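Participant: Spelled out, the chains give:
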Amino acid sequence: MAEQSTISAFVERKIDADGFTIRYLEADPQPDGIDAVVCIHGAGGLRLSPMHEMLASTHRVIALETPGFGASPVNERSRDMAELAATLCAAVAALDIRSYHLVGASFGGKLATHMALQEGEKLQSLILLSPAVFRPAERPRMATPEERRKVMHAHPERFPLAPGNPEVDSKQETLVRRLIGPPRDAALEEKLSGLSVPTLVVFGTEDRLTPPEMARFYRQHYGNAHLMLVYDAAHLVDLDRPEAVTEVVSDFLARKERFLVSEQSGVIHP
Amino acid sequence: MKAALFNPIRYSGPSPAGWPVAPSAYDLEIGRRSMLGGLENLQLGDELGFDWVTVAEHHYAGFSLTPNPMVLAGALTQLVKRAKIALLGPTVPILNPVRVAEEYAMLDNLTGGRVVAGLLRGTPNEYVTYNINPAESRDRFEEALALIRRAWTEPEPFGWQGRFYQYRSVAVWPRVVQSPYPALYMSGSSPESGAMAARNHVGLGLAFTTVPLASQAARFYREEADKLGWRPSIDQVLYRMGFHVAETDEQAMADLVESGAAKPHVGLTMANKAVLAGAMSSGYFGKAAEEQKERVAPRDAAERIEQGQILLGSPETIWKQICRVRDQVGAGILDLFPIVPIADRTRRSIELFGGRLLPRLHEN
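Going down the list, the sequences are from chains A and B.
Residue numbering for the first sequence follows the working numbering, beginning at 1 and increasing consecutively.
Residue numbering for the second sequence follows the working numbering, beginning at 1 and increasing consecutively.
Don't take each hint at face value.
Straight-line C-alpha distance at most 35 Å; calculated DSBU-like pairs for lysine-lysine [stated by the list, open to error]:
1. A:K122 / B:K293
2. B:K2 / B:K320
3. A:K256 / B:K287
4. B:K273 / A:K256
5. B:K263 / A:K256
Label-pair ranges, simulated between beta-carbon atoms [said to hold, decoys possible]:
6. A:E189 / B:E192: 45 to 51 Å
7. A:E189 / B:S281: 31 to 37 Å
8. A:R139 / B:P67: 37 to 43 Å
Because the hints were derived from the structure by calculation, they are not lab data.
This structure is a prediction, so every number in the text was calculated from the model and none was measured.
Glycine residues also receive a C-beta, built at the ideal position from the N, C-alpha and C atoms.
Next comes chain B alone, as it looks inside the complex:
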């Protein structure tokens, strides 16, 4: 197994609930410290042997200060010397796909071929960000995916007369270093996305879900791939979850409670009722919409552990929790994000994971 250290670069100061959040709530100094702290943690992850470091895209709230993960990844190319830099990822349907291809190509050059290319649909609120109709998200995504692959591999300038995208000429410089292009991942919690990942031979990312739902989604993806005559590698299933390691189980829970993160929290999707209603009526969540909503329902700490949404405890306890994810989801990559927003505790947790759990994880 492999482990990725994900940091959404959360704003560490007080931030009002809801989405979008008024920029007036942003404190410059806290924001700067949040960004630098996130970079330091990712650099530490690289030094401790995490296989990947991961960044993501979210807009208009303190949940994540990386509206453009490409920018943060650019900074990481100068700090992260060994690990792969994974972007999970740009929210492709709201972006210019050629620009996405170009930026990935730049990062692949700057890292000497250590970029992992996530291409995501994102959370529904992100469609408000650039005023894109979420009902067309899947179709836009699939066309963009085809266009990005073509932009990376076509040796001659080409035009694109798509359904959603139109270009008279595309010729990406620099070319990507990895051949034929960086490893691709997309989110695949819904059956529609799982089927799309399978038919496009793209790795599957399962995030903000539960182990039972992720197991079901991974099984579906493998079955779909099997029908199409190919078998995803173990590394092509990624499971994202929160983590906090301390010397003892009691200390880990005490840290979580002290930080305030033990309480159920409302995710970006649920934070604006009008946006959620719009997303539901647009068909964004696919046919199994209620099940998809269930993935992100607010849960307390005990439930999150039970559902496999977080790893919490001593290294020994966490190892058992990891084995469950490995056995039930069959994920080859765990994408782990810190859940205790207290700087020294987070640092210690990353160190404990790196020292006590990474070696065991790599042997499995």
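The following block holds chain A by itself, in its conformation from the complex:
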């Protein structure tokens, strides 16, 4: 990660919840009064991006590792996404977080949506990055590392995804395939209109895995969704254009729906 600082604000910790030992990365807590930001990773597993580091300068940021990902044992216990989401909600409760913002990426976007349905008023906002709740029937080819890189990144020269461990990747892929559900999940869609939490849905304009054409479904189904397209970014929006993503995410964390009305000064010279 050529441009990324090697000094991270995050430390690794573990918490027991719902019968699982869950690894998480946490940035040093900020003073009281600022709600925590809980992040749920995608199918590739727990990773930090410059977005997480930038958010950590203003918020307590906790990136949870979903049971069955990374070095954790194979997860054969969670029967569906709702159950896995309940486990993560239990982890949040075990961390004594009473009010928080939830950020979910890709597969984690669907998981975060299930969490949001369970958390009610505890949740201040929901932010979905390239979420996989609605997906096209066809997936682009990702048989080789080069094909995968092209699907994931529009700008791999900026913050390229680190190569994975084939054994871990295979374990994670099996879990994701078992749980993620169909590209259109009727049972979930039925519940979404009741989801009134302010929701920001972010897509890269060059995303071929969850293409930006999916974005409209979030507006149509979620109770309170705002769409943001990030120009010239692919599926890993927070690695392709982290500054642009962090700016809008931070604004949404601070102001929710009122992020619509700009507070940026246009003054060039006073």
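Starting from the known structure of chain A, arrange chain B on it as the hints suggest.
Facilitator: Same frame as chain A, but now just chain B:
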């Protein structure tokens, strides 16, 4: 007095509430008919003797299909042969002011000097449209106004190192036909805007307000101008209101009820709570914010008549309503927009106004 016929080119099909409205609700054929119908009405207004025809700028909803009034005015230059074409107007703080100056200059040439140049701040939701901070609206506006005037009058290329705008060189071609430039109007319902209009010698437009509030605003504007040693002409106060004329009062009210327009409606400002909250906290409405909100509060038809927001009835009834506006607001120009969205009734209303009311209005 003079009368302007304003048409916001409202989308005539069903349109969901709120702002912004999803483009998926737009029907191409209905949209096309709405635009052509609006153009026909404005052309009819010209033929019947209305002094001006007026267009405006609004975005992202069926309330108005003219996000760029310059484009519609361009079309009108080929249809409207006599009346002035007023743009009330481009929402200046969200636009490129040099572009505004250039487009006005084009229109002034195409009409042979029949353009009226409104320069507005617009409704707060429009600041979301191009992501401009509404807290800076007034300062942006005042700088843009100075820049536009300079762009119209400066004979040599000039640079502009402003607070909000920066240009290395500005040299507008074509030049404006009217000398020194077209008549200027800005909205002035708040004391801050009224004072700004007075100190910049710009005409005052009062829209989507009430007669009592407009009277107060016009008086304030004249007092401010007086302090600065100038007196606005009667034509420099414009009052915009809805109208519907029928043969009888009963028929006019029946038309309004049939069209569904008799019910209180929520304006663009109130249609999105988050935007309204953002606008309030930005200071957009100025110091008298609650009073400004009151201007656009939803009202039923009887209240709108009572508050002087609409003219409704037979020509005789409407004449009395006009006299009240003239006497209380002192407006020299009434900017009138149709409020019954039924094509044949609107046409008849424009014809009745043109035939029965315009001659009397012009004598006063």
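Participant: All hints are to be evaluated individually against the structure, with a verdict given for each.
Facilitator: Quick rundown of the hints versus the structure:
no., hint, result
1, A:K122 / B:K293, "holds (33 Å)"
2, B:K2 / B:K320, "holds (16 Å)"
3, A:K256 / B:K287, "holds (26 Å)"
4, B:K273 / A:K256, "holds (12 Å)"
5, B:K263 / A:K256, "holds (32 Å)"
6, A:E189 / B:E192: 45 to 51 Å, "holds (48 Å)"
7, A:E189 / B:S281: 31 to 37 Å, "holds (35 Å)"
8, A:R139 / B:P67: 37 to 43 Å, "holds (38 Å)"
Going down the numbered hints, you'll see the structure goes against none, and every one checks out.
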